[in-house]
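In case you want the letters, here they are:
Number of protein chains: 2
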Amino acid sequence: MSEKQLHLTAFMRPVSLHTGAWRYPGSYPDANFNLTHLKSFIQKLEAAKFDAFFMADHLAVLNMPVEALKRSHTVTSFEPFTLLSALSQVTEKIGLAATASTTYDEPYHIARRFASLDHLSGGRAAWNIVTTGNPESSKNFGKDEHLQHGDRYKRAREFYDVVTGLWDSFADDAFIRDRESGIFFDPEKLHVLNHKGDDLAVRGPLNIARPVQGWPVIVQAGQSEPGRQLAAETAEAVFCSPRDLAAAKALYADIKGRAEAAGRKPEHLKILPAALIIVGDSLEDAKAKRLAVDALVHYDSAIASLSVALGADASGFDPDGPLPTDLPETNASHTSRAGVLKLAADEGLTVRQLAQRYGGYSGLAFVGTPESIAAEMETWLREGGSDGFTVVFPFLPQGLDDVTQRLVPELQRRGIFRKDYTGSTLREHLGLPRPTNRFFE
Amino acid sequence: MSEKQLHLTAFMRPVSLHTGAWRYPGSYPDANFNLTHLKSFIQKLEAAKFDAFFMADHLAVLNMPVEALKRSHTVTSFEPFTLLSALSQVTEKIGLAATASTTYDEPYHIARRFASLDHLSGGRAAWNIVTTGNPESSKNFGKDEHLQHGDRYKRAREFYDVVTGLWDSFADDAFIRDRESGIFFDPEKLHVLNHKGDDLAVRGPLNIARPVQGWPVIVQAGQSEPGRQLAAETAEAVFCSPRDLAAAKALYADIKGRAEAAGRKPEHLKILPAALIIVGDSLEDAKAKRLAVDALVHYDSAIASLSVALGADASGFDPDGPLPTDLPETNASHTSRAGVLKLAADEGLTVRQLAQRYGGYSGLAFVGTPESIAAEMETWLREGGSDGFTVVFPFLPQGLDDVTQRLVPELQRRGIFRKDYTGSTLREHLGLPRPTNRFFE
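Chains as they are written, first to last, in our numbering: chain A, 1173 to 1613; chain B, 1173 to 1613.
Simulated from the structure, these hints should not be mistaken for lab results. Any given hint might turn out to be false.
Because identical chains share one entry, a pair is satisfied inside a single copy or across any pair of copies.
Restricting the straight-line Cα-Cα distance to at most 30 Å, the calculated cross-link-like pairs of lysine-lysine (DSS-like) are [said to hold, decoys possible]:
hint: 1; residue 1: 1211; residue 2: 1361
hint: 2; residue 1: 1368; residue 2: 1459
hint: 3; residue 1: 1361; residue 2: 1315
hint: 4; residue 1: 1421; residue 2: 1591
hint: 5; residue 1: 1176; residue 2: 1421
hint: 6; residue 1: 1265; residue 2: 1211
hint: 7; residue 1: 1315; residue 2: 1326
hint: 8; residue 1: 1315; residue 2: 1368
hint: 9; residue 1: 1211; residue 2: 1221
hint: 10; residue 1: 1221; residue 2: 1428
All chains should be built: construct the whole structure from the sequences, respecting the hints.
Given below as structure tokens:
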């Protein structure tokens, strides 16, 4: 087996980010909110030796026009901690990553729930640290205005310090439980945090033993300037969305460089771009599948997405013709418009197909045969574009089965993905060290 | 089978409230924080057809002198939502009651987690609504001072209104999931709460379908004046701690009367006093077991508890003699001191034994044979003292096995406890109606 290995996590909230996925032939329309299906998905991912099952999160029903909203399969979802705790009991090895926002919650609650999930799962928890910026969420938490971006990141950094400090409340060997003497734990091995900072004041100690992993694995999803810096200082896995290998290599080098500058070992931070994976018998077959799932995106919401990407109202264009060449000037992102134009030219898409691509899933995608996708992934790994991927499924169960049953064996054949778990904790799967307790050596 | 039936819930956080329990011969010293043990306990309780598994909660390591703290088996515990979600996957019928405070959390989070637990468990969730009054907790949430008692209850009432309103965000039949038309849900069946009150502002809607039970069962534990009133208006099960049948009957009549005055049916509110149950082969055997577990309470913390109960410093008394007859005057509760004096006289306890009773568990207890305890329970049921009990175990697993294997069959023989579940939700176990959606008929 070669030195450098891929890490694979599965993006599972929603189970597909593609807005047409729930309508795909053979799919489960309620997959996102059906425990039986979710159990089957995680068990298949574990059988394929995935590193982790990854739950994004939203603290609101997302704001969109009712015509789009009523078509969204994401309006009802399980809450991450309750779902992952349930799934911890039907799996043994796969990591369980929950997103938890630092904006509208309390560090004592967050520290406690992740510690509890880590204990219940035998050391498989990860915390995806996010800040919450959408005004719909702020209105669910008594705030008319949401925190500014910079303020949210400042609070997030302090929140991280408090949560990790609370996890270190007890030394790993604090609990004696000596029935004879009646001593349950050694009070010398309990630390009271007494944190008082700009945004947070938390006394501690946490009322739960130190997590199995010391700390659950720290995940970060930011791509902004403060997001990259926070990731470089704190993250052990980074979820990101580069458009292509060139962008990925730049991001990879930047974040690993910042981590090194912050005194960390770059290999203790894994970069895992999100990638839609569509496996076919041939490249044509895979592309046809993509067009088929794209075609299930409702045109009204699709055209709105295309208009945003173009920075111009696309609703008057002929849906079944090519993109007009005489687009009006835009003040919006030129990079974004250039991407649309390139895609239209490369794939010869009509306005409708373009719109449905943007309304469906327009991020990084690997579309091809098991062999071609595995080769692409190996290139990303070898050339410093990523340490693995956060896999987005186009539809389920078929799209997930295609990955676990066809792509993973090809990755294993190439020697870049494990054939079995060698450890039992998520840290062990990812090759990350167990943090020492800052208060007890 | 007779008309009126007992309901039994098990008090499981900590697994025993008795402070000496973890030291008892044959006990599991780590039972409170060992998932394997907790799974085995809940499966035994389900096999015995208990209504629910009940988790109290604390948002801090409880404040006590280090000499007592280091002897406490409660300093490390699982967080309720993560534990109950995990246990939902190893059980099928038993209810799952979580305590969640309204003082340092957000109604959107609470509504969402209980809805998620209710869906994951197929309609078995209950919310024990509490307010948090101890300063140790407030300091873990950035507050130097805790809210005053009245203010906490005012916020709790509004919090309840918001949480139940959020649960009603979607009509029960909102989700269509029509693959053909692409309509996932009917937007006419989505309600935006738009709550703006004295303490809380929450827009909604909740991002999860209406709970299986409509609303999870509402539990209340208050005995104070505002606690009783809140219970009468909102609770469907009341956890309380009367000392004896006379006190229980008064409390029962008071709360049911208040419920009726609030326009509710008294039978839609179940009164379930907490009761320690110690089963023996004879009354003497059961009493000996109680003395044995009491004897495991450390004398230093025990004598402090006795001093509080007496309203006088007991540390200078002869531990192995009787309680002195010349107690100093007290400004503390005369009822409390009278209780100590009566107990000392009735059971002929030494100062040490008295102290260990107060330091161990001094609330309502049924101590006897399966037959005598079942008869007592039937009296409470028949005479309007309770609708069942919240069972506290003296030690585990033996004390739990004694209840499930010896007491429950005797209750079943008397026809006052189910031999099997007749429904699948906790509401069905308790005989409670499913709430209608306030926004959709």
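### Structure-inconsistent hints, enumerated in ascending order
2
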